[in-house]
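Make the full structure from the sequences, and use the hints.
Number of protein chains: 2
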Amino acid sequence: MTITITAFERSPDGGKGLARDTRVRWALEEVGQPYEVRLVPHQAMKEPAHLSVHPFGQIPTYEEGDLTLFETGSIVFHLAQRHPGLLPKDANARARAVTWMFAALSTVEPPILDLSIAKFQEGDKPWAQDRLPVVQDRIRQKLTLLSARLGDAEWLDGDFSAGDLLMVSVLLRVKPSGLLNEFPKLAAYVARGEARPAYQRAFAAQLAINTAPLPAG
Amino acid sequence: MTITITAFERSPDGGKGLARDTRVRWALEEVGQPYEVRLVPHQAMKEPAHLSVHPFGQIPTYEEGDLTLFETGSIVFHLAQRHPGLLPKDANARARAVTWMFAALSTVEPPILDLSIAKFQEGDKPWAQDRLPVVQDRIRQKLTLLSARLGDAEWLDGDFSAGDLLMVSVLLRVKPSGLLNEFPKLAAYVARGEARPAYQRAFAAQLAINTAPLPAG
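In order, the protein sequences belong to chains A and B. Residues in the first sequence are numbered from -14 upward in steps of one, following my numbering. Residues in the second sequence are numbered from -14 upward in steps of one, following my numbering.
A few of these clues could be false.
It does not matter which identical chain is used: a pair holds within one copy or between any two.
Straight-line distance between alpha carbons at most 30 Å, and here's what the computed DSS-like set of lysine-lysine pairs gives [unchecked claim]: (1) K74 <-> K104; (2) K160 <-> K74; (3) K160 <-> K1; (4) K127 <-> K31.
Everything labelled a hint here was simulated from the structure, so no lab data went into it. Source: prediction; values computed, not measured.
Pasting the structure below:
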């Protein structure tokens, strides 16, 4: 069955790979599954057709036969459960890898997202400049604890897993701010993720779309 | 094997059930698993002993034999996968229920958490009052879309699932602000969750701890 995901027709980051379809592309590349991409123009994100596949009007989504999923975490988990390569076989190790998936999306990403919101949604507000250090310090608190846990390990818990895929993806979002480089162990961890051939292919695929000419019309 | 979870010795909400151990207690009650609770004093949250079970120094955690988990989403998923009652049997329906788990924690909760942060961590900042409506509007955007998707259905996708358990838990956090009542379908959905006997037992259990006398010392 053909797998079809959705992505921005033009990512707001211009192809830096920070849009969430990159995470799903990466997972698909890690497990060796081919996929097709349906591009969603910005103005169509909150229209009924797209809301019927993604109730919050975002990307990515995942369609395969009569299954439609949204939420990056859920899509990555679905792929990880169905194909070898992203979750350990041992039941306890698997539960711990799933824990890191949730940790990436529920604990580490929210303060990082808050920085994007502070810059892009509240950048013109009178409090923008004064509030920025407060938001950055919340990120530092999380990264300090994450770095302590990772220590000198290659990945968060044994072999590379879907938990690392999501954690590296989340940390990539904080890289442009310079904050990641305050944590050398985490910066090296992210670099190890970026160096994986599957990530390289995923990144190249989204870059090609974001630098291609837009369809006329 | 005995299941042991952790909870605040004293929840910051004084027993309103908004601390995340309530979510795990609720899941345990839904699947009929007995459990023990280890209370963590506030000053011990970021100490090495607790950080060894929860790298971010939060509650709840889950211990069962040689398995240790953190992250509410992961703990609820672990229980839902091992015991009947929280995930459908059909593989596609199951993947969709997992999608709602991630949607609750990754998409709906972050703006709601931002409101808590605005009130409790930034309440004394000069921008606190002016920024509040901006934060509230971001919650409204999400709740508008969630309410549209739920419509008049009883639960998000078929029978009550771990996705509903987490979504109701997340929405309960916005109830005290009055925002939930702007969305009558969601308020009714939350009320259906609260009316479940398993939720009632979970709520009572956390309330008992939060209103019991503190140990001397």
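Do the hints match the structure? See the list:
no. : hint         : verdict
1   : K74 <-> K104 : neither (41 Å within a copy, 44 Å between copies)
2   : K160 <-> K74 : neither (32 Å within a copy, 41 Å between copies)
3   : K160 <-> K1  : within (11 Å within a copy, 38 Å between copies)
4   : K127 <-> K31 : between (32 Å within a copy, 12 Å between copies)
Going down the numbered hints, you'll see the structure goes against 1 and 2, while the others check out.
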